[in-house]
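Numbering (the UniProt record's numbering), first residue to last: 1 to 971.
Among the hints, a few may not be true.
[What the hints assert, rightly or not] Using 25 Å as the maximum straight-line C-alpha spacing, the simulated SDA-like pairs for lysine to any residue come out as follows:
(1) K374 to P445
(2) K559 to I413
(3) K374 to R355
(4) K559 to N751
(5) K948 to C800
(6) K508 to I413
(7) K549 to N751
(8) K508 to K549
(9) K948 to T750
(10) K762 to L272
(11) K313 to G276
(12) K762 to T797
(13) K549 to K374
(14) K650 to A891
[Said to hold, decoys possible] Cβ pair distances, simulated, as ranges:
(15) D356 to M970: 54 to 60 Å
(16) S968 to Q640: 46 to 52 Å
(17) Q896 to E294: 28 to 34 Å
(18) S850 to Q896: 42 to 48 Å
(19) E748 to M970: 29 to 35 Å
(20) P741 to Q896: 49 to 55 Å
(21) N488 to M875: 53 to 59 Å
(22) D798 to A879: 33 to 39 Å
(23) Q640 to T739: 40 to 46 Å
(24) K672 to E294: 34 to 40 Å
(25) S310 to G232: 46 to 52 Å
(26) S310 to Q678: 43 to 49 Å
(27) P741 to D455: 37 to 43 Å
Simulated from the structure, these hints should not be mistaken for lab results. The C-beta atom is built at its ideal place from N, Cα and C for all residues, glycine as well.
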Amino acid sequence: MSQAPPPFGGHPGAASQQPPLFSGPPGAASRVLPPFGGPPSAASQAPPPFGGPPAVVSQASPLLGGPPAATSQGPPPFGGPSFVASQVPLFGGSRGAGSQPPLFGGPPAVASQPAPPMFGGQRPAFPGQHGLTAASSQPVPPSFGPPQQPPPPFGGQTQFGGPRSSGQPPFAAQSAPVAQQPSFMGPPRANAPAFGPPSWQTQVSTPSKIDPTQIPRPMTEASVIIYDTRQGGQATVPPAASSEFIVKDTGNCSPRLMRCTVNQIPCTGDLLTTSGMPLALMVQPFALPHPSEEPIQLVDFGEMGPIRCSRCKAYINPFMRFVDQGRHFVCNLCGFRNDTPRDYMCNLGPDGRRRDADDRPELCRGTVEFVATKEFLVRDPMPAVYFFLIDVSMNAIQTGATAAACSAIAQAISDLPEGPRTMVGIATFDSVIHFYSLKRAQQQPLMLIVPDVHDVYTPLQTDLILPVSECQENLEQLLESIPNMFENNRVADSAFGAAMKAGFLAIKSTGGKLLVFQSVLPSLGVGSLSAREAEGRANVTTGDKEAHKLLQPVDNTLKTMALEFAEYQVCVDVFLTTQSYVDIASISVVPQTTGGRVYYYYPFSALSDPAKLFNDLRWNISRPQGFEAVMRVRCSQGLQVQDYFGNFCKRVPTDIDLPAIDSDKTVMVTFKHDDKLQENAECGFQCALLYTTVYGQRRIRVINLSLSCTSLLSDLFRYADLETQFACFLKQAANGIPTSPLPRIRDEATNTCINILQSYRKHCASVTSSGQLILPEALKLLPLYTLALVKSVGLRTDGCLDERSYWMSIVSSISVVLAVPLVFPRLIPIHDLTSRADDDTLIPSSLMLSSENVQEDGVYLLENGEDGLIYVGNMVNPATLEQIFGVSSLAALPVQLVLEQFDNELSRKVNEVVNEIRRQRCSYLRLRLCRRGEPSGDFFRSFLLEDKAPGVFSYVEFLVHVHRQIQSKMT
1 MSQAPPPFGG HPGAASQQPP LFSGPPGAAS RVLPPFGGPP SAASQAPPPF GGPPAVVSQA
61 SPLLGGPPAA TSQGPPPFGG PSFVASQVPL FGGSRGAGSQ PPLFGGPPAV ASQPAPPMFG
121 GQRPAFPGQH GLTAASSQPV PPSFGPPQQP PPPFGGQTQF GGPRSSGQPP FAAQSAPVAQ
181 QPSFMGPPRA NAPAFGPPSW QTQVSTPSKI DPTQIPRPMT EASVIIYDTR QGGQATVPPA
241 ASSEFIVKDT GNCSPRLMRC TVNQIPCTGD LLTTSGMPLA LMVQPFALPH PSEEPIQLVD
301 FGEMGPIRCS RCKAYINPFM RFVDQGRHFV CNLCGFRNDT PRDYMCNLGP DGRRRDADDR
361 PELCRGTVEF VATKEFLVRD PMPAVYFFLI DVSMNAIQTG ATAAACSAIA QAISDLPEGP
421 RTMVGIATFD SVIHFYSLKR AQQQPLMLIV PDVHDVYTPL QTDLILPVSE CQENLEQLLE
481 SIPNMFENNR VADSAFGAAM KAGFLAIKST GGKLLVFQSV LPSLGVGSLS AREAEGRANV
541 TTGDKEAHKL LQPVDNTLKT MALEFAEYQV CVDVFLTTQS YVDIASISVV PQTTGGRVYY
601 YYPFSALSDP AKLFNDLRWN ISRPQGFEAV MRVRCSQGLQ VQDYFGNFCK RVPTDIDLPA
661 IDSDKTVMVT FKHDDKLQEN AECGFQCALL YTTVYGQRRI RVINLSLSCT SLLSDLFRYA
721 DLETQFACFL KQAANGIPTS PLPRIRDEAT NTCINILQSY RKHCASVTSS GQLILPEALK
781 LLPLYTLALV KSVGLRTDGC LDERSYWMSI VSSISVVLAV PLVFPRLIPI HDLTSRADDD
841 TLIPSSLMLS SENVQEDGVY LLENGEDGLI YVGNMVNPAT LEQIFGVSSL AALPVQLVLE
901 QFDNELSRKV NEVVNEIRRQ RCSYLRLRLC RRGEPSGDFF RSFLLEDKAP GVFSYVEFLV
961 HVHRQIQSKM T
């Protein structure tokens, strides 16, 4: 059996000219310093100031797949958004002496050191970095967010706040008695996660006088964690998703790829029900690794294919036991005893393991990738096909949306996967569909019109899609001329559904990606929609109980179409560049069923949105991804998969079909008990993803996780994973929005929180005083995050329908690391960046989300991974305005913000902060100015979650409410 070099090699050199992802608005090249690296243009050959998401792949292997590279030094596969190793503390709190990585770090990055001159001096290399020095040209591990501090020693009491009259601290974290410490955890390691064994109870005295500074809030952590997934034959507790960690795969998979809501599995369904907690996995199969992590190994079993259990079809993994001198192996999921194939035999050592176990990735690593054999091929692997559909109706032309789409596509073509198998095609549409034949022989592209938008067809199928190498010049010329060709278009109608159907027919024989740019409500042909929002507004104001139905698709037309697309491996992404209602509830069904997503630019601005449109498109096509995928999760006997949630198509109960899957997509898998698990045994989970790389190889990525089983409720709470549980609650809430009234969903979210805390209070708390709210250490922030969910855009009563539908569409595939910030954003002061020492972290400590922290003489950035709201106080120093915005008075502030870089220190630092966040979140934040006394200011203040809002609790009041509910349940 030959073992190939690390996977995801590709066509080396090709990547080296790759421009940075987050480039700024077109034309930026002519300015001295583009705010965010201008778009690739002939003029700018110099390395742009900020490499962005799939950036620097120079001496690395290309993103996904491709023949192994001749040399694979360089970063691990998936060079993600590059960001320089700068660090940020978690929300607020005092900064420790050490520097802190950013919170909720996004995809890792490959920023080469030394930093570009624009950033000033070099940044130090990280602790724990493998042989990289500050001057090295190798990638620097990015900072991923607050790593953990060592927990207090056993029995140490962390005190919060002074003594009360009774002598008991109002808010104390209690340590668990040593007796309750499971034997396998051993002494706490230096980098044991914050919610590890010690100190696992927190008390908050309520109801009357709570000191707001003493209640649970996210803490700042300060160092990079080196995380071994297993130690001493046992699973270790993963670090918080938002912290920065470097994974060493020692048998379990990286927690980036698969995380469980609890890190010990309850033996019975009754125990799980009592706890009130969910049992679910968050699976993100292409999650970007930290640059210092080893790449996933590729294993080729040749003709015989990967070894599998003959009963349950699980793939060989480190938890399968070999017996009888290696002649048989016992499946860790179903217990079946299999014969070992003769070619795979090996003697066992004295420890019962195979002697070659450490040399075979499939026997010692939690994640491996197998080369798929012919039995896994229904047809030849598909080529990488990208078909662009552009709205050219009157509104799209007049708002500049068409020009922005054409410009974004033209700039992004160079980021398509290199090679003869990459194909492109293009069509435009208004009330009819215009195809273009891009044959090189023609002097100019030929337009072919399809007038029938009710029974759609495609013209002379042959040259609608061609290899990029054959048609790039023609395509670029066409994209340049489209805005002019239609500049006097007076057709207001848009045949969106028909255009999608026509694009689908053009690529049906191969499958591929359909990228649709749409500006108005689809009004014509198959899948046309009506303006439901007007009636919706009337209904919402009269408190109509049926209002939520406007958040359901209007009918099944688009769903039926989407199922057909998915069957032929066509994934649809929709870019909505609109200034009006477009019924996202109906439109989003197509991307959600086909493994794509919705991008929403509302209200579209021709000034500030083209840069984001280009960056979104570019990351979409250049991030790590796979095509025509099928995924199945298997688990140990005693559990069964209950359901899958995410952007996919499901035809059979056990598998999900993903026409495309990428590094940003997460699938939630829920489980239920169908039998009792054995205490002290392990429960296994295995995710198998069969997919085609962008270079046309068929692969099987196998991700394994094995966790201890427990019959102790206290262990379930001690090893709960807060961020994963919260991501689960977030997805369940979003899932319920179309079928239940909002007040009911808000109540359900609050009750879930109360039930979990009440179960802990009743069964595990060692303190009996009813005057205290007692929180399990691992879940002490659950009330805060629950309040954030209740106040979020998705669950607020105000706000327009499309905003809510868009929020739901993001949540359906959101990762664990972005779930918390989506509803619990980061608030950063940016007016005083120059007063901070240079050796401080790049991004300042975030502030608590309270109006007390927003002064009228300050400028603040509030970001949630999608949007960045810049709040400008009414008493800001004119010099500060001049430095950041280039205007000398509040009155001169632009309505639409394009953040430029001016020749001063403050402007440079503000741009650095914004670009660092963009890199962390893997998203080009859409910036918006907010002012007091304007609707924008009210919108900004609606994110200050700790404040009281009309009809909604402040954080302190919510804790009091939760405590009272628990007390009444206890009595």
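Checklist entry - In ascending order, which of the hints set out earlier in this document are inconsistent with the structure? => result Going through the list in order, the structure violates hints 1, 2, 3, 4, 8, 11, 12, 13, 14, 16, 17, 18, 19, 20, 21, 23, 25 and 26 and respects the others.
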